[in-house]
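There are 2 protein chains.
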Amino acid sequence: MIKKLAIIGVGLIGGSLARALREQNAVKEVVGCGRGKANLERAVELGVIDSYTHDAGEAVKDADMIFLAVPLGAMAATFEAIKPHLAEDAVITDGGSVKGCLVKDAEAVFGTVPSNFIPGHPIAGTEHNGVEASFPELYQDRRVILTPLATTNPDALQRVIDMWQLCGAKVTTMAVEHHDEVLAATSHLPHMLAFSLVDSLAQMKENDEIFRYAAGGFRDFTRIASSNPVMWRDICLANQDALGDMLHRFADELTDLANTLKEGDGDHLLEIFERAKAARDRYIDKV
Amino acid sequence: MIKKLAIIGVGLIGGSLARALREQNAVKEVVGCGRGKANLERAVELGVIDSYTHDAGEAVKDADMIFLAVPLGAMAATFEAIKPHLAEDAVITDGGSVKGCLVKDAEAVFGTVPSNFIPGHPIAGTEHNGVEASFPELYQDRRVILTPLATTNPDALQRVIDMWQLCGAKVTTMAVEHHDEVLAATSHLPHMLAFSLVDSLAQMKENDEIFRYAAGGFRDFTRIASSNPVMWRDICLANQDALGDMLHRFADELTDLANTLKEGDGDHLLEIFERAKAARDRYIDKV
Numbered sequence: 000m001i002k003k004l005a006i007i008g009v010g011l012i013g014g015s016l017a018r019a020l021r022e023q024n025a026v027k028e029v030v031g032c033g034r035g036k037a038n039l040e041r042a043v044e045l046g047v048i049d050s051y052t053h054d055a056g057e058a059v060k061d062a063d064m065i066f067l068a069v070p071l072g073a074m075a076a077t078f079e080a081i082k083p084h085l086a087e088d089a090v091i092t093d094g095g096s097v098k099g100c101l102v103k104d105a106e107a108v109f110g111t112v113p114s115n116f117i118p119g120h121p122i123a124g125t126e127h128n129g130v131e132a133s134f135p136e137l138y139q140d141r142r143v144i145l146t147p148l149a150t151t152n153p154d155a156l157q158r159v160i161d162m163w164q165l166c167g168a169k170v171t172t173m174a175v176e177h178h179d180e181v182l183a184a185t186s187h188l189p190h191m192l193a194f195s196l197v198d199s200l201a202q203m204k205e206n207d208e209i210f211r212y213a214a215g216g217f218r219d220f221t222r223i224a225s226s227n228p229v230m231w232r233d234i235c236l237a238n239q240d241a242l243g244d245m246l247h248r249f250a251d252e253l254t255d256l257a258n259t260l261k262e263g264d265g266d267h268l269l270e271i272f273e274r275a276k277a278a279r280d281r282y283i284d285k286v
Numbered sequence: 000m001i002k003k004l005a006i007i008g009v010g011l012i013g014g015s016l017a018r019a020l021r022e023q024n025a026v027k028e029v030v031g032c033g034r035g036k037a038n039l040e041r042a043v044e045l046g047v048i049d050s051y052t053h054d055a056g057e058a059v060k061d062a063d064m065i066f067l068a069v070p071l072g073a074m075a076a077t078f079e080a081i082k083p084h085l086a087e088d089a090v091i092t093d094g095g096s097v098k099g100c101l102v103k104d105a106e107a108v109f110g111t112v113p114s115n116f117i118p119g120h121p122i123a124g125t126e127h128n129g130v131e132a133s134f135p136e137l138y139q140d141r142r143v144i145l146t147p148l149a150t151t152n153p154d155a156l157q158r159v160i161d162m163w164q165l166c167g168a169k170v171t172t173m174a175v176e177h178h179d180e181v182l183a184a185t186s187h188l189p190h191m192l193a194f195s196l197v198d199s200l201a202q203m204k205e206n207d208e209i210f211r212y213a214a215g216g217f218r219d220f221t222r223i224a225s226s227n228p229v230m231w232r233d234i235c236l237a238n239q240d241a242l243g244d245m246l247h248r249f250a251d252e253l254t255d256l257a258n259t260l261k262e263g264d265g266d267h268l269l270e271i272f273e274r275a276k277a278a279r280d281r282y283i284d285k286v
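Line by line, the protein sequences give chains A and B.
For the first sequence, numbering that gives the first Met the number 0 gives the first residue as 0, with consecutive numbering after it.
For the second sequence, numbering that gives the first Met the number 0 gives the first residue as 0, with consecutive numbering after it.
The hints are simulated quantities; they were obtained by calculation from the structure and are not laboratory data.
Be a bit skeptical, because a hint or two may be false.
Label pairs and their computed distance ranges (CB to CB) [unchecked claim]:
hint	chain 1	residue 1	chain 2	residue 2	range
1	A	266	B	174	40 to 46 Å
2	A	82	B	251	42 to 48 Å
3	A	204	B	27	43 to 49 Å
4	B	273	A	87	40 to 46 Å
5	B	114	A	215	32 to 38 Å
6	B	171	A	251	35 to 41 Å
Glycine is no exception: its CB is placed at the ideal position from the N, C-alpha and C atoms.
Okay, chain A solo, but in the shape it has when bound (with noise of 0.2 Å):
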């Protein structure tokens, strides 16, 4: 049981967090923070919360477990703010989806990373923002990866592990690096490669008939061009260096490609599609 939940950042992410362990009765008060008074109103309204501060340090205060949910860029912050009001049991986790820039982020603020701070990323979400898009089911069956570190409080890791398993999470961990490599493929990469597909159609000449062919297939690959500008630069930035190999990498691939269809090696073009939609397949199978 969770005595005192602070979430920093009343989301989405940290709303559905609180909503799930609500439904579980695994918590008994939860504290938001965050900047925006109106969301945060609704969010007591909602019963997500049960009272709001606009300062981190004072949220924090006699909190047993905390989760960030603020974007990459003010986490640093986040730290400075509470660091000096943290109690000495309190377990910190977060949400965001680099985990390399947070520890980084961390080791500047506190010297060394504190043994019960355990990097989170839950791999869920939806195209919607703000507490009144969250809800309790959001994590059911989801996977939520642990980045613990060697120095990691192994009493503090198994508390995040038991609440996000409360909320239906499938846990994992691995080491922060393996973690931002997975997501730069899985994930950064592809959005890079939709907003940057989407935003070279737009600046041809005649753009506007260009995307008045578009089919069904060119909504569904560029869904995630659709998503916040700002987040998704805050996230590129963060995982540069995984990003840029990889962005480099696929760069080189697309030249080989080109180059396999001026030569008309229409063998290599089908071997590639063939295991492409082998692999494609069996994932969805999966999921």
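With chain A held as given, fit chain B onto it using these hints.
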């Protein structure tokens, strides 16, 4: 009124055209031609066609409208087969995804492109194949691009326009080369990107794990990588030049993007992402 419609290739595309015209009482007789006996018999049972043959030459005898819906790689052989049997006033059109190669095939077989041949491309489809998947509303409010040549008979063009409009389609005409560029941008390039992303992830070590952590965005982004590999090999080879250019250009953009990321130029990233989101949201509002 079409007296005798010959559908060469009775699948989703050809079958749906026949069904739509029948619903409008715009055709008297429909003869189907294909290789698979079971599919053709099913087409008769479903009332999509009146009769069938495996011989394209036989099918087009006395037909006043001929629709070619065979794979791009089979178009040249189909032209050869029908050439000696065409009625004088027969209009020929098709549903192929690339138009330049088709004009070349027609030139090779007929010497010059017949003035009654109108290359066409209905921008419609589903992920299902075969006559079983066909339905009369497939072309309702969808775009059909026709690419007439300078030597095209205007009466023949009008008959094809009328036919598609009866099916509820919005018909436009454009130059052959322009069609192939537009489709390279909006359809062929996205398919290449999706196939090649999934293939390159599938070849990373621990690829099983990588796919395991892929979220909903990845699922949408890669849906088109589950398309038919043989069909897409043919399309890519048929649109070699325009698609090759697009691939090279896009590979260069990705290299630029990787450099932007390396320099940590967040303003430039944000600019790209915002332009893309605006273009995508605008386009989605329209469709």
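Go through the numbered hints given earlier and state which of them the structure violates, listing their numbers in rising order.
-> 1
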